[in-house]
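Asks: What follows is each chain in one-letter form.
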Amino acid sequence: MADVIVIGAGIIGAACAQSLAARGLRVLVLDAGLHGATAAGMGHLLVLDDNAAELALSQHSLQRWRELAPRLPADCAYRSNGTLWLAANAEEMAVAEHKFNVLQAQGVACELVAGRALRQREPALREGLEGGLLINGDGILYAPATARWMLQSPGIDQRRARVSAVQGKRVRLDDGQWLSADAVVLANGIQATDLCPELPIEPKKGHLLITDRYPGTVTHTLVELGYVTSAHNASGPSTACNIQPRPTGQLFIGASRQFGTTDPAVEGWMLARMLKRATEYMPGLAQLNGIRAWTGFRAASPDGLPLVGRHPQQEGLWLAVGHEGLGVTTAPATADLLTAQLFNETPPLAARPYLPERFAGALAHA
Amino acid sequence: MPDLILDGRPLRVADGTSVAAALALGGDGCSRTSVSGQRRAPLCGMGICQECRVTIDGRRRLACQTLCRDGMQVETRP
Amino acid sequence: MSEYTNLLIIGAGPAGLAAALAAAPRAERIVLLDDNPLPGGQIWRAGPQAKVPAQARQLREQVLACANVRYYSGARVIAQPGPDTLLVEDAERGWQIRYDRLILCTGARELLLPFPGWTLPGVTGAGGLQALIKAGLPVRDQRIVIAGSGPLLLASAATARDNGAQVLRIAEQASAAAVAGFAAQLPRWPHKLLQAFALFDRQYRSASHVLAALGNDRLEGVRLMQNGKVVEMACDRLACGFGLVPNIQLGQALGCAVALDAIAVDTWQATTVPGVYAAGECTGFGGSERALVEGAIAGLAAVGNRQAAHRLLRRRDRWHGFAAALNKAFALDPALKSLATADTLVCRCEDVPYAALAGLRDWRQAKLASRCGMGACQGRVCGAATRHLFGWQPSAPRPPFSPARIDTLLCLDDTPDA
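Chains as they are written, first to last, in my numbering: chain W, 1 to 366; chain G, 1001 to 1078; chain R, 2001 to 2418.
With the rest of the complex left out, here is chain W:
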């Protein structure tokens, strides 16, 4: 019999399971075998400072990834290649400078890059960009392999099963069987609302494309600063340039966001818009071959921060959901927060901004 049941074997569930198992708990991880965000996403490890809570979470988590990195097997493909935020105009450069100040004050290693120097760092970028901000400690990893590695920790059992209902510390499987434990952790991304319809989680569809191998084309993960403004503030479909160099030499291209759909089909017009945006920063991209395109769904919460902590209404049920595009980045910090709360310890960073109870109004309709 397990001490804790974790629903969802993606990067969040895996990180939580590994953290709990390291404390001596017996953990049972249930996964329905659906293709979740961990399988589809970019595996970008980055500090994001849209607000203080996001910065605290991502910064802490990145540090934990850096500590974890030496233990990760080769197929996790962890690289610390940095993120280079790109400013296309003076306004965006001002944003870069502000970010630089904020991050510097928090001890995050970063440097401003002037327009002239940008193409020395990344020759494939177009002429005429205003400049950029390089965040050295950012990185990338292959999340599916990393989740798999985490789940191989001693003390963790995995079972392929679909959970059809949760009631506090009890879960019902598709075959009718009930399982119970001292605690249940919901870590199943957009499927969380199947079990807890009251959760304010919305699926945000994203498209991705990977190219053939072109080693040496790009060094850092390239993200446009317009990403911050366009991605989070838009209600309609939006795209932002996000180009990640894979260790294989392939280029991983994102990013797009659409609400209001769970159709996994690749939508040509959206893919094209996303690629167009990327070619606006890297014109040579147009001549490269794309070999695969796919989609994924991020679990978005109303304030862009995950829900990590007790379910306010259901005793014994804990939440680790709503990570949107920062699931891989914030997995270790999520695990830390959840473990500390489960053990009633002081967490390594303030837990309050991520507590599910902040949505008490919505969750009261559980």
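Quick caveat, the hints were computed from the structure, so don't treat them as lab data. Warning: the hint list may mix true and false statements.
What the hints assert, rightly or not - List of simulated lysine to aspartate or glutamate pairs, EDC-like, C-alpha gap at most 20 angstroms:
| id | chain 1 | residue 1 | chain 2 | residue 2 |
| --- | --- | --- | --- | --- |
| 1 | R | Lys-2337 | R | Asp-2351 |
| 2 | R | Lys-2051 | G | Asp-1015 |
| 3 | W | Lys-276 | W | Asp-212 |
| 4 | R | Lys-2229 | R | Asp-2333 |
| 5 | W | Lys-276 | R | Asp-2407 |
| 6 | R | Lys-2337 | R | Asp-2261 |
| 7 | W | Lys-169 | W | Glu-198 |
| 8 | R | Lys-2328 | R | Asp-2317 |
| 9 | W | Lys-276 | R | Asp-2414 |
| 10 | W | Lys-276 | R | Glu-2092 |
| 11 | W | Lys-169 | W | Asp-3 |
| 12 | W | Lys-169 | W | Glu-315 |
| 13 | R | Lys-2337 | R | Asp-2362 |
| 14 | W | Lys-276 | R | Asp-2413 |
| 15 | R | Lys-2051 | R | Glu-2289 |
Place chains G and R on chain W using the hints.
Replies: Chains G and R alone, transformed into the frame defined by chain W:
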């Protein structure tokens, strides 16, 4: 009789010769290096397997489905 | 950039050429697309070392002479931006083609199964070697071992010998009885009698299959199982293929129903998608003669000439038995599923070894666990192999249906401000 450059070396081939054939006529027949470092050569000959991916005049193309042209630059180690 | 046509035909092999010719009298505009540099498909592949039969040359010339046929070579289908529209790409550009009717003549590819050493330079498919030789691959005085299954081995051997190669061995995995039984039926079908010479080819061995390709950086020899005995021989090339697999990806992507791993068609060669027809090997193996008739039926049906199509139905049925006999005779020995060792690569694009796949549940799990199938071939090689080895069903194709320039994919944005 097109003249092309294969990995920096000049090569003349008969009209209608594919780039895949040119790899063998002017070199060791290999087209690319695999992700784990193995040299590979054309396998299926019909545009399916992607083993014959080479860079032709700066673009990635399938050697088995591309005919040699005068002045073509072919690289098997881009 | 966009083009409109009444009839769009994908593939200019026997089926596609026959379809174009049959439809030409009644179609205002026909577009014929093929991904090879020259028309003819696999069996009638043209090239400096190819011998294209007179019939093939004539058909090709007739089609290209039709004023209402526009032929694009080196062109592939990349996506379906909307109903009755395909995005295609050639070496220079990408563009959209809108059509009233579509005929898929996408043919078949070889089944390539993994065995130790199969990734060595010098190892090709059996049909693969034939195709490469036709396009100019030098094989004079090279020692070649041909292995696998099916009449294609003999065709490949013939092409190799015609170009000065020394064929050391033709290793057919089917039993002597199966091969003899097949050869005995050949007189039923005109033109196929030539394949009976298999019995008299000194290098032909039945009940024989490859065990391993040997060599360090390139092929130096092969190890064969010949009628229960292990034999090794030095050679320069190994051409190994295990029969044909219909190319159904485009049909599947368009929503066509699939039956027995081929595109399902009715008596008029119509698929389950209205306005979409299919003919030739992609509907199931039948040989070039059958492909010609199917193509003609599809072409006539697509332009509404059912009367003329009807007259061809019996001719098509004549070839049905051939395919059945061939498939039965050359069914693959289960032993071929065990050729790969733990470190034999199964996915050549992502270098995924057998050990990473064995015991996994299905194609999707394998993709996630190992990246098998995520490479440039989009699972065409490893997908067919793992289907045979483990019974996995590959997932439905997504766009791009083939690696495509990002420039081409930009054409998918059809909004006014694009």
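Asks: Now tell me if each hint is right for this structure.
Replies: Hint by hint, here is what the structure shows:
1. R:Lys-2337 with R:Asp-2351: Status holds; Cα separation ~19 angstroms.
2. R:Lys-2051 with G:Asp-1015: Roughly 15 angstroms between the alpha carbons, so the hint for Lys-2051 of chain R and Asp-1015 of chain G holds.
3. W:Lys-276 with W:Asp-212: 18 angstroms, holds
4. R:Lys-2229 with R:Asp-2333: It holds: about 16 angstroms lies between the C-alpha atoms, which stays within 20 angstroms.
5. W:Lys-276 with R:Asp-2407: With a Cα-Cα distance of about 9 angstroms, the restraint between Lys-276 of chain W and Asp-2407 of chain R holds, given a limit of 20 angstroms.
6. R:Lys-2337 with R:Asp-2261: 19 angstroms, holds
7. W:Lys-169 with W:Glu-198: Since the Cα atoms of Lys-169 of chain W and Glu-198 of chain W sit roughly 18 angstroms apart, the hinted pair holds (cutoff 20 angstroms).
8. R:Lys-2328 with R:Asp-2317: 18 angstroms, holds
9. W:Lys-276 with R:Asp-2414: Holds. Lys-276 of chain W to Asp-2414 of chain R sits at ~12 angstroms (cutoff 20 angstroms).
10. W:Lys-276 with R:Glu-2092: With Cα atoms ~19 angstroms apart, Lys-276 of chain W and Glu-2092 of chain R stay inside 20 angstroms; holds.
11. W:Lys-169 with W:Asp-3: 10 angstroms, holds
12. W:Lys-169 with W:Glu-315: Since the Cα atoms of Lys-169 of chain W and Glu-315 of chain W sit roughly 7 angstroms apart, the hinted pair holds (cutoff 20 angstroms).
13. R:Lys-2337 with R:Asp-2362: 16 angstroms, holds
14. W:Lys-276 with R:Asp-2413: 9 angstroms, holds
15. R:Lys-2051 with R:Glu-2289: Given that 20 angstroms is the threshold and the Cα spacing comes to 17 angstroms, the pair holds.
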